[in-house]
Amino acid sequence: MLAFIVQRLFQAVVVMLVVGLIAFALFQFVGDPVNNMLGPEGSTEQREALRERLGLNDPVPLQFLHYLRNVVHGEFGLSYRMGKPVDELLVERLPATIELVGVSAIIALLIGVPMGVYTGLHRNSWLSRVFLTVSLVGISLPTFVIGIVMILVFGVWLGWLPTFGRGGVVDVGGWQSSLLTARGWSHVLMPATTLALFQLTLIMRLVRAEMLEVLRTDYIKFARARGLRNRSVNFGHALKNTLVPVMTITGLQIGSLLAFSIITETVFAWPGMGLLFLQGIQFVDIPVMSSYLVLMAFFFVLINLTVDLLYYAVDPRLRIEHTGGGAH
Amino acid sequence: MDPAAYGNRPLLVVRDLRIEFPTRRATLVAVDGVSFHIDEGEVLGVVGESGAGKSLTGAAIIGLLEPPGRIAAGSVTLAGRRIDNLPYEEMRRIRGSQIGMVFQDPLTSLNPLYTVGRQLIETLQTHLDLSQQAARARAIELLGEVGIPSPQLRVDQYPHEFSGGMRQRVVIALALCVNPRLIIADEPTTALDVSIQAQIITLLKRLCREHGAAVMLITHDMGVIAETADRVAVMYAGRIAEVGRVDQVIKRARHPYTDGLMGSIPKVGTDADRLTQIEGSMPRLTEIPAGCAFHPRCPKVFERCTHERPDLASVDGAQVACWLYAGAPAEAIDRV
Amino acid sequence: MSSIVVAPNEIVLPLGKRVRDSLRRFFAGDLFHSFRRSPVTVAAFIVTVLLFAVALLASWIAPHDTANLSTLILSDARLPPWGVTDAVGTSGASKFVLGTDDQGRDMLSAMMFGLQISLAVGFASVILAAVFGTALGLFSGYVGGPIDSLIMRIADVQLTFPAILIALMIDGIAAGVLPRGLHDEVKVYVLVLAIAASQWVHFARTVRGSTLVEKGKEYVQAARVIGVHPVRIMLRHVLPNVMGPVLVIGTLSLAIAVLTEATLSFLGVGVPVTRPSLGTLIRIGQQYLFSGEWWMTIFPSVVLVVLVLAVNLLGDWLRDALNPKLR
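Residue numbers (the working numbering), protein chains in the order written: chain A, 5 to 332; chain B, 3 to 338; chain C, 4 to 330.
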């Protein structure tokens with residue numbers, strides 16, 4: 005057990021280092037930070053002073069170490085465009101994105117998994133066919149189109165929900181949450197649903213596919229041959245075995261939710277990190293870009309680690325590593 | 003108990019069973035008019051090449067034929083009661099408690115996520131009214147019966163912690179735990195090491211005898227049949243070629259196909275340069291010949307075989323589907 | 004004997020004998036049969052062909068030349084579709100059947116050209132990803148060992164990052180690395196590269212898997228023993244066996260590529276604004292949603308969704324039809 009965790013942690017650190025290297029390379033090779041910050045007007049002395057201050061005259065490996073140290077301390081440098089420290093910008097925007105992604109993930113799971121189980125168990129019912137058709141349309145609909153249509157229908161035509169921005173924000177110990185007010189929920193509902201729809205259809209199709217696979221296995225046949233009740237066979241045996249691989253993919257999906265939140269934030273003008281990153285790309289704001297990269301990598305690594313641990317807890321085959329395959 | 007003590011009461015009667023697979027092009031007949039019976043407590047071997055329809059027959063009997071396969075005609079009777087047309091829930095109750103089944107691959111027969119004990123307890127509690135403790139005690143007892151050492155420890159272990167032979171023992175325990183009257187064993191030793199096959203077969207036979215269960219032993223291995231079965235049915239292309247007592251069929255095979263099968267098995271003590279071979283191969287489901295299915299490969303074929311399909315005819319207590327033995331029709335087999 | 008072939012719907016074609024036989028086998032075979040049986044798939048196929056044709060012929064069949072900025076009249080801007088009257092009382096006209104955008108561009112024509120760009124970028128990316136991914140998969144599977152592990156590890160890590168993110172990063176890096184003027188010109192190429200970079204992994208993994216399977220087969224081992232050059236083995240023996248899955252992945256990948264391009268253009272980092280793709284049109288149109296001028300954004304959205312849906316349906320059918328397990 006311990007060996008497993010250590011190995012995974014080690015892998016995580018390696019990935020972070022590689023990502024850090026890439027992010028650092030961005031700084032080194034893309035554009036000139038001094039130029040970006042001072043513009044064309046700065047005098048030579050100012051440039052030199054800035055170079056000293058930024059540590060740009062040190063040998064490259066040393067700069068990398070400095071960079072790493074800064075990253076670990078949460079210092080990502082100054083945004084070229086806005087002049088503010090990037091970590092401040094991130095902290096400002098983080099709660100909005102996290103809450104959006106969180107609500108979306110819950111919606112996607114709560115609807116996607118049961119739909120997938122149903123269509124897996126009742127392959128030929130009309131409801132299954134409806135679900136499958138809807139899901140096929142779902143994965144063909146780009147997120148931004150869904151968002152636009154929702155805005156049109158629920159915002160402009162029906163006027164039920166606000167069409168942009170984040171509202172009803174309450175300060176909870178430094179975390180700016182919008183989930184504690186009805187107004188906040190009215191703002192988060194459309195973006196979260198838009199974001200969830202794509203993932204929902206993917207999860208549904210995945211659960212269905214896994215369910216069908218599992219229902220074909222020998223142990224399910226044997227369970228039926230022993231006369232176990234349908235409920236036990238379908239939910240006790242089939243579902244549990246289905247959920248194991250589904251968990252991994254779902255974990256990865258949460259990662260992609262983070263990425264797709266960029267689109268949703270754009271459509272709904274939701275003030276999250278995605279929007280920040282996008283603007284960073286448009287203005288080639290290197291500190292913002294590289295810190296977003298590092299932050300994203302961190303989240304992905306964290307999610308992967310959590311999924312790995314969950315996998316370990318659920319699947320007993322992973323727990324017995326080198327104690328032998330049982331004596332005959 | 004000795005099967006003779008049961009007084010030869012047929013437990014399972016399969017009559018004219020026909021299993022079809024509707025496909026896009028045509029309806030394939032995988033099992034065509036198969037009839038046999040199994041008496042209480044006896045071991046019937048069902049032998050034949052891959053694709054002869056043995057496993058399908060077994061699946062049909064226990065009601066687990068996978069769609070689009072379906073029973074198109076015939077009947078399956080268990081202790082006098084027809085079971086091939088029962089509603090799902092009633093058949094479910096029969097499965098496990100009256101008819102048990104053992105599959106070929108112990109590796110995939112057990113759910114890897116549950117302990118062996120849980121799978122046993124679940125089966126016991128589904129059919130019997132047992133408390134958790136009583137079920138657990140019974141589970142440990144069963145593991146001991148199938149020869150698993152330290153059962154009270156191993157009952158809480160997962161399938162992957164057992165070796166192949168041990169796993170098959172667990173499977174047998176699961177199949178027998180509610181004391182069914184019939185066990186269908188579909189190639190129970192094919193996936194095991196040769197050294198373990200004998201152990202498992204012996205175990206199966208002994209336990210079934212002790213529990214008073216009849217066995218339908220499906221296999222392609224004649225050696226296993228010779229050691230274990232009381233009677234044997236030889237299947238070919240979805241039909242029964244010959245049924246009879248094991249010593250009869252082996253020593254004096256009547257159907258040319260059975261004869262060929264026997265000849266192809268190497269025997270200690272016989273001095274032969276070559277094993278006999280049967281020319282050709284079993285026909286595909288889409289190309290079954292008219293008349294006797296074996297006639298294109300039969301060394302004793304004559305004109306009648308090519309267009310008339312032979313019924314099972316009685317010959318010295320055995321039954322053979324071959325025009326060489328046309329004469330007395332098969333004895334009536336429903337003696338309830 | 005004249006060399007004609009009669010297909011089920013009785014088209015009579017003069018063709019050579021080999022082609023005739025192949026066609027006959029195809030029409031009588033399982034693939035075509037399952038195709039005909041599924042009306043949805045047939046519909047999807049027709050729609051796809053139609054859209055491809057429109058994209059190909061856009062320059063000739065578009066009613067207005069929207070690329071030529073000098074032909075745009077601002078007073079024509081934001082006109083509703085024919086037969087619709089907007090909130091201000093302006094009515095659409097037959098000249099601009101689907102209305103106009105904020106610059107006076109005819110929606111129908113703009114959409115045709117947009118479709119052309121979207122499909123061009125999509126196809127280019129998929130072909131690039133397919134060639135690169137297949138080559139890498141063949142190489143990785145054949146060579147095996149630590150190189151194979153390394154390549155697969157990289158692929159695995161890349162898979163954990165969504166396509167959008169990868170495409171965005173490459174785009175952003177290119178923007179920073181290339182001098183400003185050059186960047187605008189090569190923006191489309193960078194886009195194609197970025198999308199291809201996000202898709203190659205799917206091809207590589209599948210091809211590698213098939214390569215491993217084929218590598219173990221005796222005829223390949225025999226060829227190696229004889230001394231046939233490995234590249235020849237890979238190309239002549241493994242590649243044909245892999246074409247089926249590659250085709251399936253290619254179709255589904257095309258759908259994803261088109262979606263990715265549309266998304267990137269929508270976000271403003273895709274194709275340059277002078278040659279708007281469907282995504283760009285949707286972005287421009289979104290600003291006018293609130294004033295009730297829905298046509299500017301909805302029509303391109305519909306075309307985009309229909310295109311991706313049709314391609315997805317085809318890909319789904321192809322996957323089921325080519326899957327030996329389900330036959």
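The set of hints was computed from the structure by calculation and includes no laboratory data.
Accuracy of the hints is not assured; some may be wrong.
Said to hold, decoys possible - Computed far set for chain C versus chain A, every beta-carbon distance over 10 Å:
id : residue
1  : Thr51
2  : Ala65
3  : Ile76
4  : Ala138
5  : Tyr145
6  : Val146
7  : Gly148
8  : Gly175
9  : Val191
10 : Lys218
11 : Lys220
12 : Ile229
13 : Val249
14 : Phe293
15 : Leu307
16 : Asp319
Claimed, not checked - With a straight-line Cα cutoff of 25 Å, these simulated SDA-like cross-link-like pairs (lysine to any residue) come out:
id : chain 1 : residue 1 : chain 2 : residue 2
17 : C       : Lys218    : C       : Ile150
18 : C       : Lys220    : C       : Pro243
19 : A       : Lys225    : B       : Ser165
20 : C       : Lys220    : C       : Ala200
21 : A       : Lys225    : B       : Val248
22 : A       : Lys225    : B       : Val317
23 : A       : Lys225    : B       : Gly71
24 : A       : Lys244    : B       : Gly71
What the hints assert, rightly or not - Covered stretches of chain B (chain A as the covering partner; in silico rule of three or more C-beta atoms under 8 Å from a C-beta of chain A):
id : region
25 : 123–136
26 : 289–299
Nothing here was measured: the structure is a model prediction, and the numbers come from that model.
Beta carbons: idealized from backbone N, C-alpha and C, even for Gly.
How the hints compare with the structure:
Interface exclusion of Thr51/C from chain A stands, the closest Cβ pair being 12 Å apart, more than 10 Å. The claim that Ala65/C is not at the interface with chain A holds, since no C-beta of that chain comes within 10 Å of its own (minimum 23 Å). Distance to chain A confirms Ile76/C as a non-interface residue, since its nearest Cβ pair spans about 27 Å, more than 10 Å. Under the 10 Å C-beta cut-off, the non-interface status given to Ala138/C relative to chain A holds; the minimum distance is some 24 Å.
Non-interface call for Tyr145/C relative to chain A: holds, since the shortest CB-CB distance, roughly 27 Å, exceeds 10 Å. Chain A leaves Val146/C outside its interface by the beta-carbon criterion, the shortest separation being 23 Å against a cut-off of 10 Å. Distance to chain A confirms Gly148/C as a non-interface residue, since its nearest Cβ pair spans about 21 Å, more than 10 Å. Its beta-carbon lying about 4 Å from the closest one in chain A, Gly175/C breaks the requirement of being farther than 10 Å from that chain.
Once the 10 Å rule is applied to beta carbons, Val191/C is consistent with being away from chain A; the minimum gap is 17 Å. Every CB of chain A is more than 10 Å from the CB of Lys218/C (nearest about 26 Å), matching its label as outside the interface. Every CB of chain A is more than 10 Å from the CB of Lys220/C (nearest about 26 Å), matching its label as outside the interface. Consistency note on Ile229/C: stated as away from chain A, and its beta-carbon is indeed over 10 Å from all of that chain's, at 40 Å minimum.
Remark: the non-interface label on Val249/C is consistent with the geometry, its nearest Cβ contact in chain A lying 21 Å away (cut-off 10 Å). Separation of Phe293/C from chain A is inadequate, the least Cβ-Cβ distance of about 6 Å not exceeding the 10 Å criterion. The Cβ of Leu307/C does not lie farther than 10 Å from every Cβ of chain A; its closest approach is about 7 Å, which violates its non-interface assignment. The non-interface label for Asp319/C is inconsistent with chain A: the shortest C-beta to C-beta separation is roughly 7 Å, within 10 Å.
Between the alpha carbons of Lys218/C and Ile150/C the distance comes to roughly 16 Å, so the proposed pair stays at or under 25 Å and holds. With a C-alpha separation of about 15 Å, the suggested pair Lys220/C and Pro243/C falls inside the 25 Å cut-off, and the hint holds. With a C-alpha separation of about 21 Å, the suggested pairing of Lys225/A with Ser165/B holds against the 25 Å cut-off. For the given pair, Lys220/C sits about 32 Å from Ala200/C by alpha-carbon distance, which is inconsistent with the 25 Å threshold.
Between Lys225/A and Val248/B, the direct Cα distance comes to roughly 31 Å. Violation of the 25 Å bound is thereby established for this hinted pair. Restraint check: the Cα-Cα separation between Lys225/A and Val317/B comes to about 39 Å, which exceeds 25 Å; the hinted pair is violated. Restraint check: the Cα-Cα separation between Lys225/A and Gly71/B comes to about 15 Å, which is no more than 25 Å; the hinted pair holds. Using a Cα cut-off of 25 Å, the hinted pair Lys244/A and Gly71/B is violated, with the two alpha carbons roughly 28 Å apart.
Counting residues of the region 123–136 of chain B whose CB falls under 8 Å from any CB of chain A gives 4; the rule of at least 3 is met. Remark: the region 289–299 of chain B is not confirmed as covered by chain A, as 0 of its residues place a Cβ nearer than 8 Å to a Cβ of that chain, below the required three.
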